[in-house]
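Full structure from sequences and hints, please.
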Amino acid sequence: MLSTHAVAEIAHAAAPVGALSSGAATLVTVAVFAPIIGAAIAGFFGRRIGNIPSQAVTTGLLFLSCILAWTNFIAHTWGGQADFTVEILPFINIGDFQSAWSIRVDALSSTMLIVVTSVSSLVHLYSWGYMAEDDSRPRFFAYLSLFTFAMLALVTAADFMQLFFGWEGVGLASYLLIGFWFHKDSASSAAIKAFVVNRVGDFGFALGIMTVFWQFGTINFAELFPQIAAYQGKGWEFLGQTFSALDLAAFLLFIGAMGKSAQFFLHTWLPDAMEGPTPVSALIHAATMVTAGVYMVCLLSPLFEYAPQAKMIVAYIGAITAIFAASIGFTQNDIKRVIAYSTCSQLGYMFFAAGVGAYQAAMFHLFTHAFFKALLFLGAGSVIHGMHHEQDMRKMGGLAKYLPVTYAVMTIGTIAITGLGIPYTQIGFAGFFSKDAIIESAWVMHNTPQGMFAFWMGILAALLTSFYSWRLVAMTFWGKKHWEHGHDDHHAHDAHGHDAHAHDDHAHDDHAHGHGHAHTPHESPAVMLIPLVVLAVGAVAAGFVFAPYFIGDHAHDFWGHAIFTAANNHVMHDAHHIKEAWVKFAPLVVTLLGMALAWYFYMARPNLPKKMAANEGPIHTFLYNKWFFDEIYDFIFVKLARWLGDVFWKILDVKIIDGLGPNGAAWTALASAKKLVKTQTGYVYHYAFFMFLGIAGLLTWVVFGMAH
Amino acid sequence: MLPAIPNILSLTTFLPLFGAIVILVMRAMARKDDSEVIARNAKWISLWTTLITLVLSVLMVLAFDKSTSNYQFVEHYKWFGPISYHMGVDGISILFVLLTAFLMPICIAASWDSIKVRITEYMVAFLMLETLVIGVFTSLDLFLFYIFFEGGLVPMFLIIGIWGGKDRVYAAYKFFLYTLLGSVLMLAAMLYLVTTLGTASIPEMTAKLAAAPLPVDVQGFLWFAFFASFAVKMPMWPVHTWLPDAHVQAPTAGSVMLAGILLKLGGYGFIRFNLPLFPDASEMFAPLVMALSVIAVVVTSLIAFRQTDIKKLIAYSSVAHMGFVTMGIFAGNAVGIQGAVFQMISHGLISGALFLCVGVVYDRWHTREIAFYGGLTKLMPHFAFVFLLFTMANVGLPGTSGFIGEITTMTGAYQWGTWVAFVAASGVIFSAVYALVLYKRVMFGVVTNDELKKYPDLTAREVALFVPLIVGTIALGVYPAFVFDFTTTSIDALVAGYRAAIGG
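Protein chains in written order, with the numbering used here: chain F, 1151 to 1858; chain W, 7 to 510.
No lab work stands behind these hints, which were simulated from the structure alone. Some hints here could point you the wrong way.
Pairs of lysine-lysine residues, derived as DSS-like cross-links and limited to a Cα-Cα distance of at most 30 Å, are as follows [claimed, not checked]:
no. : chain 1 : residue 1 : chain 2 : residue 2
1   : F       : Lys1334   : F       : Lys1545
2   : W       : Lys460    : F       : Lys1334
3   : W       : Lys446    : F       : Lys1776
4   : F       : Lys1334   : W       : Lys459
5   : F       : Lys1631   : F       : Lys1760
6   : W       : Lys384    : F       : Lys1334
7   : W       : Lys72     : W       : Lys84
8   : F       : Lys1334   : W       : Lys84
9   : F       : Lys1800   : W       : Lys172
10  : F       : Lys1545   : F       : Lys1760
11  : F       : Lys1805   : W       : Lys172
12  : F       : Lys1789   : W       : Lys446
13  : F       : Lys1800   : W       : Lys446
14  : W       : Lys460    : W       : Lys446
Below you can see the structure in the form of structure tokens.
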């Protein structure tokens, strides 16, 4: 069934076919398909087999998948395994429009395989504890596994059609999981919003695929990439304008990436997506799905390298998102929303890295970010769990004593995301290696406007990141308690009800928890803490262990042909040899500054932020309301669509078309017939029958007449 | 090797009619007071007839030679004058025969308990409808085609007019009025063709016109005459307003047939007549068709968004989806036309299933008002799954057949003109809006209406209706090659002829 053949990603490096054992092919095939089997079992038979077996089978298969993914990664990185593609089944086969269900294995997909399966398996495990009180657990685990399968299909695609399948497949899973608590109106609305905004991105993505197809006559990556260089400088007509062919294709595809990765303009769905259960936020809306856009740009590096305009747009959008999201992040009070904006901002970093040509750094940050961001989200979940569904940080404080393990791992995650480390050494947390590499890459390109812009935005966003991250820790774990003992959880909803402000602003993670005991924060069970500890190890070590492979001395061998850099692109090389010491130290300085400011505002002068918020100055209002994007979009798009729909329906269809047509004066001749048929149903019968006889008779007569 | 069944095409076409006759004979012979027995027998005879028809069409599909674009299983008997009894199928029409035979047993089973009056006549009407519709796809003679094509309206007209909702007469009247308009023009064009070319055989006609094309102005008139009839059937904007009314009033199975098969007659007609017979006119009028197609996609999607009646919403969504079909066909390239055929097959399954979903709730609560519902997921989890699956298929989620139809027709249209693909692709956003909002209003939220708690989840019979449609939608979504393997040769030949005729 599996026909294995080694396909070199770029035609010139044909790998020896014989060198590949079919074992490697079987291994990745099982890794990709294991989650969907789990999803099917839990989804279709979950009620019959019960909660625990459903959880066990999905989680077990995910861990299997994870082990296989790591085996593959090790074989790739240290075992000298050649790139290969497993073809499973033809998909679409119309002329040149050829697509096949495949599993493409190279450095990029091998990396994504371990990221996705590692985080997913840990999230599955964590959900045993977090979702313990929910009565739809089989459904939840089925969705998680379904998501994982779609994500694996996405990262192992060998052509645009399968990529798109995975792309919208993860979108479906995201929709289902955001709206998991479908009884809540806010949850199902957020689910629709996520799906529709992603569709806006996919609109561009689909047009990009069509553009590529008609330009190159193929949608297969291995066939496409070698043709691109020769296409430079050609024009392409689109909507009556002539564009640079490659820039147009790359830009349209990038719109898809903007939607999936919640970049500026198409970011509005991500904060709302926090309506989903917190493990979902960690897996989908932090570590994996939202990074698909970054992955796509890196995968298409052979295209983007020859599309300088599109690359420039990527850099600008990324840099703007990095600073924009961070600016909102430090005014929010909902613990999950802060982390959501943080994710948005970090994705911006990855994009501007890719935009300045540092794809390797972008992928490295994607890799490290997966660990510490999943850690922060799951940590936040542990806090929410411990606080009985409270998500408003203003009602937390002083939790370090009550949730010691959570506090410890959240601190590690915070240090990792702020990128603390010592320049010129290999000492630092995960974010230090990847984020500094991105900022340095931007500096290398400082002679271009987008490079300069990205660099300064990157520095500024690093300051804000440090500030809002430590603010989160301060408001949650340090200082005074802003919660009461003995608060009866049964009335949690009512309690929120009269606090209208908090109720409107915050997505309460109200999974059916049903605690009857008092409202004293408690540490989470071991099944939740173990994943946190594993991720914390990743947040500490992922940087220094993997830096040599992703961006260091072994990078060339590690990436092979999976990432293409044009002959004039020396960004990664130059970033290693930056002469300006201040560039190396700038991120560290702003990180420490942000930390100090957070301490000053939230520990030394805790009344200051409250006053600022209470004064509702224009800047605070603007930031707190997320730059009013939702309001503007609602006005422009939602209201307009409703109005147009009504006009098209009630005026165009009913008044004009029907008015002139079947209901109009022109048909008075038939009005008598209309009355006739109205009087008795039986007439319809005769009427129709005579119509048929009449037409047939007429035809026969004419044809007979002609034949003679 | 399968045993060859002689005259399998005629057998498949007329078996349902035979079943209808058996029912009528059975009723004539039964005692008058045995109405319950008569009704039960009529149902079972119908079900078995349609199932055997399905088996026959499957046998035909298995015996079909995909490597040739020639008509197969041909039966040709001289009749009179230029007219003959000429039947045959190619890689395009055989799929529609299969689709019809596939949906028909589902329609019969869907009507099992929900039709309470005149059950015998109802079953007869459906069986007649099956013969007439299959006949449209199997006839290779213009005269035969016309009889089947127009005749097919009669049972549909009756199904709406007799077993429909409270405004059924207005709906049937509107349906009739629109189609009559197109039919008259098409009839005139057909008579012209037969007299000029001296043959009523469609393949002969096609060959003659390929060798010696008509003058462009004549082509234009004839093209338009055919177009008028097929555009109403599709239906294309702005001659679509009969469809929402017809759907709302039709009984569930009537809607399934209407959306699943009757709408495809228009697209089939474009592929069989307009494109090969009048290539120059097709090219000339392509901008018009493209404009109407994208208007259909965007405008009717926005209208669908505002509907308060579930069935009307899905009906408008059908118009939007048919817009993809017309844009694919008149793109005039292999990707577009193959995509169009695929989209028609796929829409047959998906819209059929969606109307069955409406039937499920209508049979229980007898209302299609969206506002009446809410929170059904909690009460009907199996139904929630089925409805979600087809909602997603309707919005063109990859992995379902809906996606393949949309992406291929848009890709085809892109080559014709990028703006067509651009506008159509934006319609894909709107489709997500109306479909998901509908799903939310009906299925999500808290159950506030206690009426909803009165009835159970899907019955075994209902599950049995959906299973084949689910399998079909997913199977074609994952392995669309099943359809493309059939259509490739026929459509490649069609495109080659079209390209040669228009000189490029």
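Hints, verified against the model:
With a C-alpha separation of about 23 Å, the suggested pairing of Lys1334 (chain F) with Lys1545 (chain F) holds against the 30 Å cut-off. Our distance criterion of 30 Å between C-alpha atoms is met by Lys460 (chain W) and Lys1334 (chain F), whose separation comes to about 23 Å. Restraint check for Lys446 (chain W) and Lys1776 (chain F): satisfied, since their Cα atoms lie roughly 26 Å apart, inside the 30 Å limit. Of the pairs offered as hints, the one joining Lys1334 (chain F) and Lys459 (chain W) holds, with about 19 Å between alpha carbons and a cut-off of 30 Å not exceeded.
Distance hint between Lys1631 (chain F) and Lys1760 (chain F) is fulfilled; the C-alpha atoms sit about 16 Å from each other, no more than 30 Å. With a CA separation close to 12 Å, the supplied pair Lys384 (chain W) and Lys1334 (chain F) stays within the 30 Å bound. Restraint check for Lys72 (chain W) and Lys84 (chain W): satisfied, since their Cα atoms lie roughly 28 Å apart, inside the 30 Å limit. Of the supplied pair hints, the one linking Lys1334 (chain F) and Lys84 (chain W) is violated, its CA atoms being roughly 68 Å apart against a limit of 30 Å.
For the proposed pair Lys1800 (chain F) and Lys172 (chain W), the alpha carbon gap of about 21 Å is at most 30 Å, so the pair holds. Under the criterion of a C-alpha separation no larger than 30 Å, the hint pairing Lys1545 (chain F) with Lys1760 (chain F) is consistent with the structure, at around 13 Å. Using a Cα cut-off of 30 Å, the hinted pair Lys1805 (chain F) and Lys172 (chain W) holds, with the two alpha carbons roughly 22 Å apart. A hinted pair counts as satisfied when its Cα atoms are at most 30 Å apart, and Lys1789 (chain F) with Lys446 (chain W) qualifies at roughly 19 Å.
About 24 Å separates the Cα atoms of Lys1800 (chain F) and Lys446 (chain W), which keeps this hinted pair within 30 Å; it holds. The suggested pairing of Lys460 (chain W) with Lys446 (chain W) holds, with an alpha-carbon distance near 21 Å, which does not exceed 30 Å.
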